[in-house]
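> Sequence:
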Amino acid sequence: MNLAVTAEQQQIDYYEQILNSVAISIITLAPQRDESGMIVDFEYKAVNRQWEIDNQKSASEVLGQRVAEIYPAFVHSPTYKLFFELAETGTPIQTTDFFDLDGRTVKFDIRGVRTGNDIVLSVNDITLFWQAQAELEQQRQLLLSVLDGSQNQIIAFDSIRDAEGKIVDFRYVLQNAANRRTVDRTDEQVIGHTMLEYFPHVIETGLFDRYVQVIETGQSDRFDMPYYHDDLAGYYDISVVKRGDGMVLTLQNKTENWLADQRALQQADLLQRVVDNSPTGIILAEAMRNGEGEIVDFQYQLTNALNAEITGHTVDEMIGKPIGDLFPGWQSIPLFETFKQVTQTGESQRFPFEYDRYGVKGWFEGSFIKQGDGVLFTFLDVTSLKQAELDQEIQAQRLKAILDNSQTAISLHEAIRNEQGELVDFKTVLANRLALEQWGPLADQILNNPYSQISPNPNAAVEFARFKHVIETGETTIFEFNYEQNWHLMAIAKMGDGLVISFINITQIHQYREQLEATNQELKRSNEGLQQFAYVASHDLQEPLRKIMAFGDMLTDLHSASLGANGADLVSRMQQSAKRMSQLIRDLLNYSRISAQKDLFEPVDLNTLLTDVQGDLEVRIKDSGAVFSIDTLPTIAGSPVQLQQLFQNLLSNAIKFSHKDQSPVVTVRCCRANPHQMPTDLPIDRSYWQLTIQDNGIGFDEQYAERIFQVFQRLHGKAQFAGTGVGLAICRKVVENHSGAIRANSQPGEGATFTVWLPA
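With our numbering as the guide, the letters of the sequence shown map in order to residues 177 to 936.
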């Protein structure tokens, strides 16, 4: 009997030693019930050594005491209420909760089961993991905020290669807020998709080949080019930088939009779940020694189902077996050396480690404690947390690389406040490569000193007032400034209790403005000269011509007999030349007036206007037998006088340049213009009417399609067809005054087609 009691006591002592060696607090509580049988509290029945360390209380202080007596504030927490449910239902519980221990906030993972009438709780301190997660998330959010503060579109791609290794497409891996707003697509719509899926025209524009060249050669590229495809229209400054087997694109002149980073939130949620459900494996191993007393292996004395599952065995297969039998050669790996050191020195160890042996791969947080002539080894699988940490580091490196290769200078500044909370200064906490280059010799001062201590800084007071306004109002401010003979565009936006500042060099744009102003002044002087010429043409040149024609009439009427046949012919030629010169002067006067004068626009019904034009040409239409087919035409905004000249010249030419043996047939058609079939000098984001005037006349060689719109350009002699060569030049000027375009198409002998685009 005494031997049985002694064996039982040894077994109890044995398991107590194990529980006291585990780096997790373990508590046994007994429910306390009132007269009605309702649980009113719990009494401490047993605690292990780790609980005493964590709570800084000895077992003798709490055993037999109620929880409400030891921790009166805890009985009001939701976690305490779960103890009642566990004791009543027997359903295991698992939760996390925060506690205040000696003035510091600690987060625990709490799990519980019911054993008989008692409940057994295991409490694991996961504060370090929780804090590490929060710090990583804060850093990631900070970097994302800086990236999304850029005014430029920034996109990262990975290459997609075929079986031969040739790049055939690019896959989106990252985009910033500016790109989301511009293309109006969320991360879910873009990330994982391909470039050609959304922008197939990058191949025909040559962009795709330039991207491939950057990746294959490693040489960065930067260039300007227009892009009018795939629902985009504009002129872009494109920077391409190689990134691994991919690239980073930076595109300037983009607008802002919003998009939540769902992927980052999902990752954060995954990390939280991993921390809240961290499993613990347990191994108790006894040293195995040779004849000289050297440790040559360890034998499993105890293990749990989690460890067995991870290693691919069962608990029964492992208990009592040497570790080396199940995992041959394990004596050559660091884990065996740790077991050996702890057993020989008695010094506990706790550290994270990576393990990749015997089909087990991952990161673990391990605790090694000497137990008899062996080791109690407990471990926590932190693979998910470690992988998330590595992913965060990679993401941070990507964001930093993108920022440092951005064509926009970006910096982050924190507010400095006094004890009363008043804003008194700013401190620079982050700047990308371009910002440091722009700051030049002042970079060290700006990074290491408050803003007020930077010298020289003559505009410090004005700039501080501007910064303070943004902080207090939250309103983003954008302005231009000149620094060391260069013009910059700066944007200042609030971020938390600080600022994100971005600026780009716009010196070239300012130079373009100055050049444009000079050109406008020159154009103004030219127009004034043109108006003066028009005055001379209408007053000084016409008067001598009228006298020449009048004197010619007098010679013919009064002296025809004395002139003779030759004299009369000479007088007739003189009068014809004077008439042509008078007509030429009138045409030039009309051209100069249209070029210099901007008429007020009003609604013009083109149906009524074409009817009026046919009335003006009634005699010529009747003499030529011309037939017209005209669609129903729209009403547009324009100058009635100029539009009258436009269509009168076009219809008149259709009648004039006809075959001698064939009556002219003229068709006028009208429809809404296709944006992708309009002349490239018209904006595709504006609606236009397309009018075509087609005839069956003599036509012309299409190589002269541009020449015929120039002043004094004729394709036929005066003897064949009358005219001054100014009519089509007037047509083009009228169309340009209406923000439109005109083109001509023809083949000799097959008639001509004039196409006119006018704003709808």
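In case anyone wonders, no lab produced these hints; they're calculated from the structure. Treat the numbers as computed from the prediction; the structure is a model and nothing was measured. Ideal Cβ placement from N, Cα and C applies to all residues, glycine included. Check before you lean on any hint, since a few could be wrong.
Computed spacing ranges between beta-carbons, pair by pair [claimed, not checked]: (1) N696 - H835: 45 to 51 Å; (2) T362 - E651: 42 to 48 Å; (3) Y247 - I654: 53 to 59 Å; (4) N696 - S396: 49 to 55 Å; (5) I215 - D567: 43 to 49 Å.
Calculated lysine-lysine pairs in the BS3-like style (CA-CA distance at most 25 Å, straight line) [unchecked claim]: (6) K670 - K644; (7) K576 - K546; (8) K603 - K562; (9) K283 - K221; (10) K700 - K670; (11) K233 - K257; (12) K562 - K576; (13) K644 - K603.
> Would you mind marking each hint as holding or not holding in the structure?
Status of each hint after checking the structure:
1. Our hint of 45 to 51 Å for N696 and H835 holds, since their Cβ atoms are close to 47 Å apart.
2. At about 27 Å, the beta-carbon gap between T362 and E651 misses the expected band of 42 to 48 Å.
3. For the pair Y247 and I654, the supplied restraint of 53 to 59 Å holds, since their beta-carbon distance comes to about 57 Å.
4. About 38 Å separates the C-beta atoms of N696 and S396, a value inconsistent with the hinted range of 49 to 55 Å.
5. At about 46 Å, the beta-carbon gap between I215 and D567 stays in the expected band of 43 to 49 Å.
6. Of the supplied pair hints, the one linking K670 and K644 holds, its CA atoms being roughly 10 Å apart against a limit of 25 Å.
7. Using a Cα cut-off of 25 Å, the hinted pair K576 and K546 is violated, with the two alpha carbons roughly 46 Å apart.
8. Note on K603 and K562: the hinted pairing is violated, with a Cα-Cα distance of about 33 Å set against a maximum of 25 Å.
9. Taken as a hint, the K283 and K221 pair is honoured in the structure, with Cα atoms around 24 Å apart against an allowance of 25 Å.
10. A C-alpha spacing of about 45 Å is found between K700 and K670, which places the hinted pair above 25 Å, so the restraint is violated.
11. The suggested pairing of K233 with K257 holds, with an alpha-carbon distance near 23 Å, which does not exceed 25 Å.
12. Of the supplied pair hints, the one linking K562 and K576 holds, its CA atoms being roughly 21 Å apart against a limit of 25 Å.
13. Between K644 and K603, the direct Cα distance comes to roughly 13 Å. Compliance with the 25 Å bound is thereby established for this hinted pair.
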